[in-house]
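The residues making up each chain are set out below.
2 protein chains.
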Amino acid sequence: MKIIVDAMGGDNAPLEIIKGTMLAVDEFGIDEAVLLGDENVINSCVKENNITLNNTKVINCTQVIDNCDDAKVVLRGKPDSSMAVGFKLLNDGEGDAFVSAGNTGAITVGATLITKRIKGVKRPAIASVMPSTSKPFVLMDCGANAECKSEYLYQFGLLGSIYMQNIFGVANPTVALANNGTEETKGTPTVKEAYNLMKSAPYNFIGNIEGRQIPFGDADVVVADGFTGNLILKTYEGVAKALMQGIKNAFYKNTLSKLSYLGVRSGINDMKTQFDYKEYGGAVMLGVRKPVIKAHGSADARCFKNAIKQAVMFLQTDLIDKIEKELQSEE
Amino acid sequence: MKIIVDAMGGDNAPLEIIKGTMLAVDEFGIDEAVLLGDENVINSCVKENNITLNNTKVINCTQVIDNCDDAKVVLRGKPDSSMAVGFKLLNDGEGDAFVSAGNTGAITVGATLITKRIKGVKRPAIASVMPSTSKPFVLMDCGANAECKSEYLYQFGLLGSIYMQNIFGVANPTVALANNGTEETKGTPTVKEAYNLMKSAPYNFIGNIEGRQIPFGDADVVVADGFTGNLILKTYEGVAKALMQGIKNAFYKNTLSKLSYLGVRSGINDMKTQFDYKEYGGAVMLGVRKPVIKAHGSADARCFKNAIKQAVMFLQTDLIDKIEKELQSEE
Numbered sequence: 000m001k002i003i004v005d006a007m008g009g010d011n012a013p014l015e016i017i018k019g020t021m022l023a024v025d026e027f028g029i030d031e032a033v034l035l036g037d038e039n040v041i042n043s044c045v046k047e048n049n050i051t052l053n054n055t056k057v058i059n060c061t062q063v064i065d066n067c068d069d070a071k072v073v074l075r076g077k078p079d080s081s082m083a084v085g086f087k088l089l090n091d092g093e094g095d096a097f098v099s100a101g102n103t104g105a106i107t108v109g110a111t112l113i114t115k116r117i118k119g120v121k122r123p124a125i126a127s128v129m130p131s132t133s134k135p136f137v138l139m140d141c142g143a144n145a146e147c148k149s150e151y152l153y154q155f156g157l158l159g160s161i162y163m164q165n166i167f168g169v170a171n172p173t174v175a176l177a178n179n180g181t182e183e184t185k186g187t188p189t190v191k192e193a194y195n196l197m198k199s200a201p202y203n204f205i206g207n208i209e210g211r212q213i214p215f216g217d218a219d220v221v222v223a224d225g226f227t228g229n230l231i232l233k234t235y236e237g238v239a240k241a242l243m244q245g246i247k248n249a250f251y252k253n254t255l256s257k258l259s260y261l262g263v264r265s266g267i268n269d270m271k272t273q274f275d276y277k278e279y280g281g282a283v284m285l286g287v288r289k290p291v292i293k294a295h296g297s298a299d300a301r302c303f304k305n306a307i308k309q310a311v312m313f314l315q316t317d318l319i320d321k322i323e324k325e326l327q328s329e330e
Numbered sequence: 000m001k002i003i004v005d006a007m008g009g010d011n012a013p014l015e016i017i018k019g020t021m022l023a024v025d026e027f028g029i030d031e032a033v034l035l036g037d038e039n040v041i042n043s044c045v046k047e048n049n050i051t052l053n054n055t056k057v058i059n060c061t062q063v064i065d066n067c068d069d070a071k072v073v074l075r076g077k078p079d080s081s082m083a084v085g086f087k088l089l090n091d092g093e094g095d096a097f098v099s100a101g102n103t104g105a106i107t108v109g110a111t112l113i114t115k116r117i118k119g120v121k122r123p124a125i126a127s128v129m130p131s132t133s134k135p136f137v138l139m140d141c142g143a144n145a146e147c148k149s150e151y152l153y154q155f156g157l158l159g160s161i162y163m164q165n166i167f168g169v170a171n172p173t174v175a176l177a178n179n180g181t182e183e184t185k186g187t188p189t190v191k192e193a194y195n196l197m198k199s200a201p202y203n204f205i206g207n208i209e210g211r212q213i214p215f216g217d218a219d220v221v222v223a224d225g226f227t228g229n230l231i232l233k234t235y236e237g238v239a240k241a242l243m244q245g246i247k248n249a250f251y252k253n254t255l256s257k258l259s260y261l262g263v264r265s266g267i268n269d270m271k272t273q274f275d276y277k278e279y280g281g282a283v284m285l286g287v288r289k290p291v292i293k294a295h296g297s298a299d300a301r302c303f304k305n306a307i308k309q310a311v312m313f314l315q316t317d318l319i320d321k322i323e324k325e326l327q328s329e330e
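Chain order of the listed sequences is A and B. Numbering follows numbering that gives the first Met the number 0, in which position 33 of the first sequence is assigned residue number 32; successive positions increment by one, without gaps. Numbering follows numbering that gives the first Met the number 0, in which position 114 of the second sequence is assigned residue number 113; successive positions increment by one, without gaps.
Certain hints may be false.
Chain copies aren't distinguished; within one or between two, either way the pair holds.
What the hints assert, rightly or not - Straight-line Cα separation of at most 30 Å, BS3-like style, residue types lysine-lysine; simulated pairs: (1) K257 <-> K271; (2) K71 <-> K185; (3) K77 <-> K118; (4) K308 <-> K121; (5) K87 <-> K185; (6) K148 <-> K191; (7) K191 <-> K77; (8) K121 <-> K134; (9) K148 <-> K71; (10) K118 <-> K198; (11) K252 <-> K134; (12) K185 <-> K77; (13) K121 <-> K148; (14) K198 <-> K71; (15) K185 <-> K115; (16) K191 <-> K240; (17) K252 <-> K271; (18) K185 <-> K148.
If you are wondering where the hints come from, they were derived from the structure by calculation, not from laboratory data.
Could you build all of it, start to finish, from the sequences and the hints given here?
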């Protein structure tokens with residue numbers, strides 16, 4: 000098992016990316032990690048922080064993609080960036096999976112145009128694993144396809160279902176369609192069409208889901224087009240962040256409130272753990288021929304390790320083969 | 000000033016609706032409140048709870064609309080429901096505004112087809128006032144129009160801007176377009192078109208807003224189509240509810256955590272107040288010829304009072320006249 004890592008992507012690169020990769024190497028029995036990025040930067044970061052690189056090689060890349068770069072031109076325009084080299088190595092079989100916390104647009108373009116789709120997949124999608132009050136669920140598409148035909152939405156349900164079954168061991172995952180009401184008659188014409196297709200799907204379609212039920216884990220797979228899914232995902236993260244800040248401010252208010260924190264810390268920590276997106280590492284590009292994992296942009300070492308865990312699970316469960324077979328049987 | 004109230008709509012009808020109406024009559028100098036609903040139910044509720052009805056008349060309605068009713072047929076099919084009678088009285092000039100915590104679909108249909116739009120308004124929208132970490136903002140459309148043309152989105156920006164200026168006293172309100180990225184090139188073709196229109200709008204357009212910035216109050220007006228807006232609104236409410244439950248559970252965990260609550264209560268209450276949607280009462284139907292207010296379905300007395308306050312502010316600021324004049328000058 001050989002994992003290709005973009006050491007330059009994300010807010011906390013390269014330190015947390017390197018640390019997370021080393022945690023993953025130790026924990027998941029990875030044969031080799033390939034760190035891509037500016038060799039000098041990586042080596043001095045390793046030295047300064049007394050990190051020992053186990054089963055790891057560094058490949059020097061001279062260019063860097065930042066979040067302002069236009070995704071469409073970036074991979075062609077910066078062929079020696081850690082991102083472009085990562086996709087090339089993955090394609091050439093020089094690694095089994097690619098993990099990056101970098102520019103989402105560039106990862107989407109790379110996965111779609113370089114890694115390419117699994118036969119039978121209409122559109123690959125960004126699938127984000129998210130926390131809820133009861134259990135994790137997957138939301139897809141989170142931004143790869145701003146516009147979706149009804150048959151793409153239908154297929155997202157299938158891909159998400161296979162994913163939750165294999166990676167999270169959920170038997171017969173429930174699939175719901177994000178909509179502005181629970182009634183069958185709700186939504187845009189495309190969403191209504193998707194509802195009709197999904198009614199006779201081979202997966203466990205449970206109907207529409209409204210925004211207010213999503214955080215309670217009412218469905219294992221929540222299906223949306225990439226425009227809507229992205230807004231759901233980020234509103235979800237934004238509200239959680241705003242409220243967590245509010246809680247922090249409440250405890251920081253005065254000496255008494257600071258003391259009070261000691262008495263409730265364990266409960267607050269339970270809640271933080273439950274709503275901790277870092278637990279799942281990020282999003283996966285579902286529907287492409289190799290595992291491509293988009294770690295959270297703000298990933299720390301633990302979060303990045305969990306993103307690599309997703310890649311490992313893809314490989315261990317033969318997820319891509321399973322998707323391919325399932326799609327063949329659909330035809 | 001005469002306010003028509005649907006006494007039968009919402010989860011806590013009629014008690015909290017009646018109590019909220021009486022609070023509003025006392026506080027806002029309303030000349031007359033008209034309570035619509037089953038006379039026997041209203042009168043016995045009043046009696047049992049020792050409520051004194053000031054400046055209030057009750058009009059008996061024999062039918063009830065519930066949340067399962069199909070919005071499109073409901074007003075015609077149940078002409079003697081509190082909702083249908085409310086819209087009729089408003090249209091006949093028997094009252095200056097209509098406030099209901101009932102079925103959103105029925106209110107939308109009633110406002111659009113019975114109250115009708117202000118001249119120049121392309122599509123009326125549901126505008127929800129929402130809390131953020133910094134200041135309230137308005138999100139529209141929250142569900143009246145699942146599909147929107149770019150010129151509707153453009154006009155929502157204008158309506159929302161006039162609303163925030165007059166009702167919340169915000170000078171030169173900032174208007175942002177909900178999108179799956181901040182770049183001008185993001186979004187569906189319709190959203191991109193809307194962006195282009197909004198760039199040369201007479202209002203203060205500040206560009207795209209991502210979901211994660213919405214809860215921090217980065218814009219005074221957030222524009223979306225009704226499908227997306229509804230999912231943003233409800234995801235927002237759902238995540239806040241899920242986390243508030245988490246906090247409650249943390250404090251209820253054991254004796255020590257319960258005691259700790261005393262020390263942090265005031266800070267937690269500050270946060271609750273800041274994120275309290277009840278403060279604003281609900282949503283308004285923006286773009287119709289009379290004030291139609293949709294109170295939260297779960298409104299308690301205070302929340303319903305605040306929904307009536309919205310109606311009062313509409314009247315006191317001549318908001319509808321101002322919208323009409325602004326649209327004339329646009330042409």
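Going through the hints against the structure:
no. : hint          : result
1   : K257 <-> K271 : both (18 Å within a copy, 18 Å between copies)
2   : K71 <-> K185  : between (35 Å within a copy, 12 Å between copies)
3   : K77 <-> K118  : within (28 Å within a copy, 53 Å between copies)
4   : K308 <-> K121 : within (26 Å within a copy, 51 Å between copies)
5   : K87 <-> K185  : between (44 Å within a copy, 27 Å between copies)
6   : K148 <-> K191 : both (11 Å within a copy, 18 Å between copies)
7   : K191 <-> K77  : between (42 Å within a copy, 27 Å between copies)
8   : K121 <-> K134 : within (29 Å within a copy, 43 Å between copies)
9   : K148 <-> K71  : both (22 Å within a copy, 27 Å between copies)
10  : K118 <-> K198 : within (24 Å within a copy, 42 Å between copies)
11  : K252 <-> K134 : between (32 Å within a copy, 20 Å between copies)
12  : K185 <-> K77  : between (45 Å within a copy, 22 Å between copies)
13  : K121 <-> K148 : both (10 Å within a copy, 27 Å between copies)
14  : K198 <-> K71  : between (36 Å within a copy, 24 Å between copies)
15  : K185 <-> K115 : between (34 Å within a copy, 22 Å between copies)
16  : K191 <-> K240 : between (33 Å within a copy, 28 Å between copies)
17  : K252 <-> K271 : both (20 Å within a copy, 15 Å between copies)
18  : K185 <-> K148 : both (17 Å within a copy, 18 Å between copies)
Violated hints: none; the structure is consistent with every hint.
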